[in-house]
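2 protein chains.
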Amino acid sequence: MRNFGEDTITQAVIDRIGNAKDPRVKRVSEALVRHLHSFVREVEPSQREWEFAIDFLTRVGHMCTGARQEFILLSDTLGVSMLVDAINHRLPGNATETTVLGPFYVGQPPELALGADISHGETGPRLMVEGSVHSDDGKPLANVIVDTWHSDADGYYDVQKDDGADSLTLRARFRTDQNGRFWFQSIVPSFYPIPDDGPVGQMLTAQGRHPYRPAHVHFMIASPGYETLVTHVFIAGDKYLDSDVVFGVKDKLIRELEPLPAEQNGAAFRLRYDFVLARSAGGKAAAG
Amino acid sequence: MRNFGEDTITQAVIDRIGNAKDPRVKRVSEALVRHLHSFVREVEPSQREWEFAIDFLTRVGHMCTGARQEFILLSDTLGVSMLVDAINHRLPGNATETTVLGPFYVGQPPELALGADISHGETGPRLMVEGSVHSDDGKPLANVIVDTWHSDADGYYDVQKDDGADSLTLRARFRTDQNGRFWFQSIVPSFYPIPDDGPVGQMLTAQGRHPYRPAHVHFMIASPGYETLVTHVFIAGDKYLDSDVVFGVKDKLIRELEPLPAEQNGAAFRLRYDFVLARSAGGKAAAG
Numbered sequence: 001m002r003n004f005g006e007d008t009i010t011q012a013v014i015d016r017i018g019n020a021k022d023p024r025v026k027r028v029s030e031a032l033v034r035h036l037h038s039f040v041r042e043v044e045p046s047q048r049e050w051e052f053a054i055d056f057l058t059r060v061g062h063m064c065t066g067a068r069q070e071f072i073l074l075s076d077t078l079g080v081s082m083l084v085d086a087i088n089h090r091l092p093g094n095a096t097e098t099t100v101l102g103p104f105y106v107g108q109p110p111e112l113a114l115g116a117d118i119s120h121g122e123t124g125p126r127l128m129v130e131g132s133v134h135s136d137d138g139k140p141l142a143n144v145i146v147d148t149w150h151s152d153a154d155g156y157y158d159v160q161k162d163d164g165a166d167s168l169t170l171r172a173r174f175r176t177d178q179n180g181r182f183w184f185q186s187i188v189p190s191f192y193p194i195p196d197d198g199p200v201g202q203m204l205t206a207q208g209r210h211p212y213r214p215a216h217v218h219f220m221i222a223s224p225g226y227e228t229l230v231t232h233v234f235i236a237g238d239k240y241l242d243s244d245v246v247f248g249v250k251d252k253l254i255r256e257l258e259p260l261p262a263e264q265n266g267a268a269f270r271l272r273y274d275f276v277l278a279r280s281a282g283g284k285a286a287a288g
Numbered sequence: 001m002r003n004f005g006e007d008t009i010t011q012a013v014i015d016r017i018g019n020a021k022d023p024r025v026k027r028v029s030e031a032l033v034r035h036l037h038s039f040v041r042e043v044e045p046s047q048r049e050w051e052f053a054i055d056f057l058t059r060v061g062h063m064c065t066g067a068r069q070e071f072i073l074l075s076d077t078l079g080v081s082m083l084v085d086a087i088n089h090r091l092p093g094n095a096t097e098t099t100v101l102g103p104f105y106v107g108q109p110p111e112l113a114l115g116a117d118i119s120h121g122e123t124g125p126r127l128m129v130e131g132s133v134h135s136d137d138g139k140p141l142a143n144v145i146v147d148t149w150h151s152d153a154d155g156y157y158d159v160q161k162d163d164g165a166d167s168l169t170l171r172a173r174f175r176t177d178q179n180g181r182f183w184f185q186s187i188v189p190s191f192y193p194i195p196d197d198g199p200v201g202q203m204l205t206a207q208g209r210h211p212y213r214p215a216h217v218h219f220m221i222a223s224p225g226y227e228t229l230v231t232h233v234f235i236a237g238d239k240y241l242d243s244d245v246v247f248g249v250k251d252k253l254i255r256e257l258e259p260l261p262a263e264q265n266g267a268a269f270r271l272r273y274d275f276v277l278a279r280s281a282g283g284k285a286a287a288g
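In order, the protein sequences belong to chains A and B. Each residue of the first sequence is one higher than the last, beginning at 1 in this note's numbering. Each residue of the second sequence is one higher than the last, beginning at 1 in this note's numbering.
Think of the hints as simulated: they come from the structure by calculation, not from any bench. Don't take every hint at face value.
Because identical chains share one entry, a pair is satisfied inside a single copy or across any pair of copies.
[Claimed, not checked] Straight-line C-alpha distance at most 16 Å; calculated EDC-like pairs for lysine to aspartate or glutamate:
| id | residue 1 | residue 2 |
| --- | --- | --- |
| 1 | Lys239 | Asp196 |
| 2 | Lys26 | Asp15 |
| 3 | Lys252 | Asp177 |
| 4 | Lys139 | Asp274 |
| 5 | Lys250 | Glu6 |
| 6 | Lys250 | Asp238 |
| 7 | Lys250 | Asp7 |
| 8 | Lys252 | Glu44 |
| 9 | Lys26 | Glu49 |
| 10 | Lys26 | Glu42 |
| 11 | Lys21 | Asp238 |
| 12 | Lys252 | Glu97 |
| 13 | Lys161 | Asp196 |
| 14 | Lys252 | Asp274 |
| 15 | Lys26 | Glu44 |
Next comes chain A alone, as it looks inside the complex:
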């Protein structure tokens, strides 16, 4: 086949993909070509705009390192991450709501004893984080891994700092006790801008958007037989709750910082959340 023009190129590409062995590859590829060509037909990019798009994507790729994932930032800021999250978590009514993983998760942080202090000398208001993990039928889940990570009081994650990914500060894994409870000490995280010194930051500026996320603590909670829960707990009162740059805020994930009347273990505030895991549905969502 030859002589492809505006009216014939899309079907030509789809026909060519018809030989894909894996039906999922075929289906996703065909849909990608259809939607991508539709976008191009709608906006009619000039050659210079197409060159800009190629250069933009190249710069996004070149910005990605072990400690920086610019394509996740792009997906997050275009709302794609939250849409994928929603599609994969059509959960029963009482299960804890999910939100984006974000670009700062580091696999396999050390498991620490309950009550440990994960701040490793970071300064800021002292915080006691407490919570529990239950099944959606109300049963406490013991021995469940609770992975947590959050920013410092200036809004930076450990992997963003010069000392790099080895430091593992303000992140750790805990294991729930017999009653499904966990607790640890840290400092109060801050709202922060997503890393905006790259092409995604330039895109936000061009789109008239700020780069901020409201203060939050990340959690990833995994137990066999249950959907892995990836979520945040947001701190009530943050000025960015209504304009989170990655569209991740849900009312049910917001909690007050409770001032502690007398300091307990040196903590000035408490943040508490009781998580509910959904039973694994099997199939696609189980990959969560």
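Start from chain A and add chain B according to the hints.
Only chain B this time, still in chain A's reference frame:
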């Protein structure tokens, strides 16, 4: 705004972009979000598939260097480059048809005297390339820059070889004479696979596609007041004319290799094309 789910996230992102100052940025961003979200809604990627997509794009970005443009290969193989080309070249009937730029163009090669040999010692059947440049009203165009580049007899461009982009072999610029004519000596190019040792090659394999392009000589012809012509001349009889991996072949761009009865200037074959430039329409397409 908070609590975005499958039904509300798309409009939320579009609303956020509403503050973009530049109306073109606003329009393209809104369309991107709509089409990208539509694609995600249709294929319902699992979290693992989303992670694969992030990793795929990251690998495409990391594959890009000064001598390798993997995002152009991705655009070319998904038919996007030919679609953008078609949209930008709704030309008068007798103007030479356009095709993709491809990833191997190197800006500003040296200008050589008419008749020069651009093969610089590359081996292969000797070729005399001849042609002319006319306006769409039939007037010969003198003093026009004819930029040309093509592969060697094994199907490789100079920038793909170890000695790198400095060598500038099988590429040069010529200037048409008073009668709009140009000619130079070279060798016959070969069909070739696009660079397929990266993520785009893996995509083609998964889609059941070969990576080949039929043999061709690239031309970029620019003259003030005319649309810059970016095209190829394909060699008749090539086995990949009907399955070009980038969908670039048009019948009117195919020419026979004419065997020369007696060798002329050492050439065994002649390839001839008479190009017709379209007058600049102004506006978007002029960026061509």
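Consistency of the hints with the structure:
With identical chains, the CA atoms of Lys239 and Asp196 are never at most 16 Å apart, being 19 Å at best within one copy and 49 Å at best between copies. Taking the shortest alpha-carbon separations for Lys26 and Asp15, only the intra-copy value of 10 Å comes in at or below 16 Å, while the best inter-copy value is 33 Å. Taking the closest pair of Cα atoms, Lys252 and Asp177 never come within 16 Å of each other, the shortest separation being 25 Å inside a single copy and 75 Å across copies. Taking the shortest Cα distances, Lys139 and Asp274 sit within 16 Å of each other inside one copy (12 Å), while across copies they are farther apart (80 Å).
Taking the shortest Cα distances, Lys250 and Glu6 sit within 16 Å of each other only across copies (13 Å), while inside one copy they are farther apart (43 Å). In this homomeric assembly, Lys250 and Asp238 come within 16 Å of each other (Cα to Cα) only inside a single copy, at 13 Å, whereas the closest approach across copies is 59 Å. With identical chains, the CA atoms of Lys250 and Asp7 are at most 16 Å apart between copies only, with a shortest distance of 14 Å across copies and 44 Å within one. In the homo-oligomer, the alpha carbons of Lys252 and Glu44 never lie at most 16 Å apart, since the shortest distance is 42 Å inside one protomer and 25 Å across protomers.
Taking the shortest Cα distances, Lys26 and Glu49 sit within 16 Å of each other only across copies (14 Å), while inside one copy they are farther apart (29 Å). In the homo-oligomer, the alpha carbons of Lys26 and Glu42 lie at most 16 Å apart only across protomers (13 Å), although the nearest pairing inside one protomer, at 24 Å, exceeds that limit. Proximity of Lys21 to Asp238 under the C-alpha cut-off of 16 Å is found in neither arrangement, the shortest distances being 50 Å within a copy and 27 Å between copies. For the homomeric pair Lys252 and Glu97, the shortest alpha-carbon distance inside one copy (7 Å) is at most 16 Å, but the shortest distance between copies (59 Å) is not.
Proximity of Lys161 and Asp196 under a CA criterion of 16 Å is satisfied intra-copy only: 15 Å inside one chain copy versus 37 Å between copies. In this assembly of identical chains, the alpha carbons of Lys252 and Asp274 lie at most 16 Å apart only when taken from the same copy (11 Å versus 69 Å across copies). Taking the shortest Cα distances, Lys26 and Glu44 sit within 16 Å of each other only across copies (14 Å), while inside one copy they are farther apart (26 Å).
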